[in-house]
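A.B. asks: Construct the complete structure from the given sequences, taking the supplied hints into account.
Chains A and B are the protein sequences, given in the same order.
Everything in the first sequence is counted per this note's numbering, starting at 1 for the first residue and increasing by one.
Everything in the second sequence is counted per this note's numbering, starting at 1 for the first residue and increasing by one.
The set of hints was computed from the structure by calculation and includes no laboratory data.
One or more of the hints may lead you astray.
In the SDA-like style, the derived pairs of lysine to any residue whose C-alpha atoms are separated by at most 25 Å in a straight line are [what the hints assert, rightly or not]:
hint	chain 1	residue 1	chain 2	residue 2
1	B	K66	A	G134
2	A	K14	B	G64
3	A	K51	B	L546
4	A	K51	B	R184
5	A	K254	B	G356
Some chain A residues close to chain B (C-beta under 7 Å, calculated; not the full set) [claimed, not checked]:
hint	residue
6	I52
7	P118
8	P121
9	I126
10	R267
11	G268
12	G271
13	D272
14	Y316
15	A432
16	W435
17	P436
Where is the CB? At the ideal position from N, CA and C, for every residue including glycine.
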Amino acid sequence: MMIIEGKMRAIYNKIWRVSGNVIMVQAEGVGYGELAMISAPGVSTLAEVIKIEKDRIFLQVFGGSSGISTGSEIRFLGHGLRVAFSENLLGRIFNGIGESRDKGPEFTDNLIEISSEPVNPARRVIPHRMIHTGIPMIDLFNSLVESQKISIFTTAGEPYNALLARVALQAKVDIILLGGMGVRFDDYLFLKNALEEGGALAKSILFIHTAADPVAECLMVPDLCLTVAERFALEGKKVLVLLTDMTNFCDALKEIAISMEQVPANRGYPGDLYSQLAARYEKAVDFEEAGSVTILSVTTMPGNDVTHPVPDNTGYITEGQYYLNNGRIEPFGSLSRLKQLVNKDSREDHRAIMDCLVHLYADYQETMEKKAMGFRMSAWDNKLLDYGAAFERELLDLTVNIPLSAALDRSWQILAACFKPEETGLHSELLAKFWPRDNEKSKADQDRA
Amino acid sequence: MAANGIIYGINKNMITVEFSGDIRQNEVAHVILGDQRLKSEVVRISGNLADLQVFEDTKGLRSGDKVEFSGELLTVQLGPGLLGQLFDGLQNPLHKLAEHYGQFLKRGKTVEALPAEQLWQFSPVVESGAMVRAGDSLGTVPEALFEHRIMVPFGMEGNYEVVEIAAAAEYRVDDKIAVIKDGRGKLWPLRMNFFWPIRKPVNIYQERLSPVEPLITQIRIIDTMFPVAKGGTFCIPGPFGAGKTVLQQLTSRNAQVDIVIIAACGERAGEVVETIRQFPQITDPLTGRSLMERTIIVGNTSSMPVAARESSVYTAVSMGEYYRQMGLDVLLLADSTSRWAQAMRERSGRLEEIPGEEAFPAYLESIIASFYERAGLVRLRDGHVGSVTIGGTVSPAGGNFDEPVTQATLKVVGAFHGLSRERSDARHYPAIDPLTSWSRYQSFIGSEQREMIIKLLSRANEIEQMMKVVGEEGTSNADFIIYLKGLFFDSVFLQQNGFDPVDGVTSKERQLHIFALLEKIITSFYPFNNKDEARAFFQKLRLLFLNLNGAAWGTAEFTRHEEDLVRLLNKSSQSVDDESGIPARQAFMEQNMDSTFTRAKNTRTVKDGLPLHHDDYRGEDAGDLQ
Ligand SMILES: Nc1ncnc2c1ncn2[C@@H]1O[C@H](COP(=O)(O)OP(=O)(O)OP(=O)(O)O)[C@@H](O)[C@H]1O
Ligand SMILES: [Mg+2]
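C.D. replies: In structure tokens form, the structure reads like this:
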């Protein structure tokens, strides 16, 4: 049954198949990737064409298929998902399919389609600007770089959203895109309030899919965020995109794949998981003569297992990862693969101090193991124990909030309080220039006592 | 003449087309979408329906849209001007695309691979009346460092007579430079370029030879311990972040070959950017020319169309075979072959083929094997020898080598450089695990020497594990010294600072020289009184050796550091053969390591990445790989 509508778009009302969140309808002239509106009494939801077999059109229903009847109305819209791009988006909050969540006006002007064209690698530049976060474990040890894509590997219950909010507030960027996928409602409120209180909401745009929303609606969140981000970047803006939690996004992909009876590749996830994730993460870019897109995402690891397909594929795509564990960013395992592009120009002691602190912290951990096994502690072991405690208290702790230069100065203070200069293995030129004088004396006094 | 069709079905980048007329497998077709023509390739035919993989985004396609078949297979363009370029997986030059279409890769936009306007100085090498066959030279043009041969297209069958040959002058790639005549009198005009179907190996050589000559990468652990041969194959599996890409980047800079082709296959665009921005600035010490001049990059990175990723490795290897045909040594580095395999998996899934392990297609193994099979050392018909060497990284799911792509690759390659998470976490770069890696090729050191080092490292590792349980106190002094020797060899030889201009690049002469020194250190006997003394000695020796590693070859500084080292060594050691009549190395091995090594070896299986005949490094074995 087919009725012709005013705009010459057909309305169909014969659904042949419902399976999971995928429905099949017979229709003609429908484009791949096109959107449709499905209406039934009490239900109204968007759907996207994901497969065509002659006149059999398979749609993925964003709002979920629950309540959809074989007689529901399907109206094809003639275009894919779009977003109204303008400065008016700033300060606004939308849901996972771009509808207003904050009771503000809906926009219909300057609609742009979700961007799927990759950037030509010939037009990319080598990243070279650091993004300062005020978190020593990032700035000092694993610097975040403009146009980097990097993920926080963590587990449920860790303060990853708080970490995202802090980075968002401290980073000197022009625009923040926050994409929430399956976030709990109070986490959403927390993120929103944090941006508001920090005075950053006015330069932020939020696309929030909460745990209470239909699962499939979270699928569009990264695309919406990144399309808007890319547009602003082309206008010369530095954009930071925060995505939490990409594991929920992957789980939604898994659900669709299963509804489509695809053969899973790994633990139920579809074989194109890597390509799906890469298509999003590769949107991180530094345009040659315009702005940039930086992506910081959250990946919760089911069972804290880094070999799980989601963190595993993510690790193969991103340019490093921060392990957030027990409320702190692990100094080992965490890696910003782009840090060497920026930490050579920050301050001359940056790289050397970074290596030295990590090295000594590794020694400290060995000493802790020895101690736990009941071995006797040598004088050197005792120094390491002092150092380890100071390192954890003054640098590792996530509440520490100081600029990079202060973190470097503090590192020297810590070293001077615990060691003699030659024990650090640092180059004599650096020692001559940076070793704090008074502490050295007090340490020498201590040693004598 | 060519067939036509209309779209019947669409599933992501796979379309089903209802066609009439004759089409063939792997034929190129174009989907017509408004003024856009989307390139695609036939991958399955059944009845009047054909499945095509589309090399572009399929958004907006409808059933009923027109499809034009071309009758041609998917090809690459071969001719002067490939060197120094950056292509996508279908050989579109990305810089040109950017010039024409800007920041983004627009759907359906293509540009010819070779610069059409560039003039090349052609010198004929045949005269009218000469008889020629496919692959024979008609003339040469200078390209970068090479005499680029202008050859009779590889696909021409039979013998031809040259009836016309252009005079020495400048020509464009599309200018006619010769006319040849086949046996039936048909005339064939030839240009300075031709097309070759990428999925077909070029095999117009006289014979294939065993890869025996080492390909020097200037990376010590590879050249000395797990060498690669010219015309051979190797793979680098490793978990994310273990250093696969860095290792390939270093190899692409420092390997002693004529041409390097980098196939950045489904990995990060940023990594390609590093290469294209840096190589033009780096001078190749061997030639004094910019590194970019000997490099071709095929960059079909992870967000570019997946079907083109699948073809990109063939595009790359076809260009490699082309230059091999000029008697050159070509090294193809593919990062990552897992992304290529995944592209096949995506395709296979959409074709609803019966899946094998982890949903990879059942024919995965044979496809991987036939890809690596395109490597080889060949004697050309003119007597010259050329080679294509293939090295691929593998990105195993979960970092676990017991997965289909790694296992299929291990079956066919000649060397395995397995990266370990433990080594990369400990920042022991390159993170190639010496206890699991292997190579069937000959190194420039003897195979007994290689065996000795492997035994030393295995034993040292065993002692280290034991020590974790029984502590240093429970370890004999002799064992403790073996442990220190293993640690020492690892830290001063196997580990190498790739970013240090001196340490990062170790020539063959230098490797031989310092290996001899190390052999002496390892086989010497040290009469230490206790463990602390032993440890202190090796720590000191290590510092001296690191100084040596940092000193440029052939300088007074190098000599001075070496003298310091030898002095310390002579002071503390006794050579074993002073004591008994048995040759030093043998005695050292028999006394200290043999029994445990045998045990260690037996517990390993193929799944650990060790071939069954691990210590069977006989030279002639290398020939079996073909
Ligand atoms: N030889 C090396 N010397 C120093 N650092 C290295 C070396 N190899 C790797 N690294 C460090 O490890 C990081 C990751 O290396 P690389 O990008 O090569 O990993 P990969 O194995 O290719 O990972 P993926 O599978 O995710 O692509 C680098 O950014 C660098 O910081
Ligand atoms: Mg890599």
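A.B. asks: None of the hints should be skipped; say for each whether it holds.
C.D. replies: Checked hints:
no.	hint	verdict
1	B:K66 with A:G134	violated (57 Å)
2	A:K14 with B:G64	holds (21 Å)
3	A:K51 with B:L546	violated (61 Å)
4	A:K51 with B:R184	violated (52 Å)
5	A:K254 with B:G356	holds (19 Å)
6	I52	holds (4 Å)
7	P118	holds (4 Å)
8	P121	holds (4 Å)
9	I126	holds (5 Å)
10	R267	violated (10 Å)
11	G268	violated (11 Å)
12	G271	holds (5 Å)
13	D272	holds (5 Å)
14	Y316	holds (4 Å)
15	A432	violated (22 Å)
16	W435	violated (22 Å)
17	P436	violated (28 Å)
Going down the numbered hints, you'll see the structure goes against 1, 3, 4, 10, 11, 15, 16 and 17, while the others check out.
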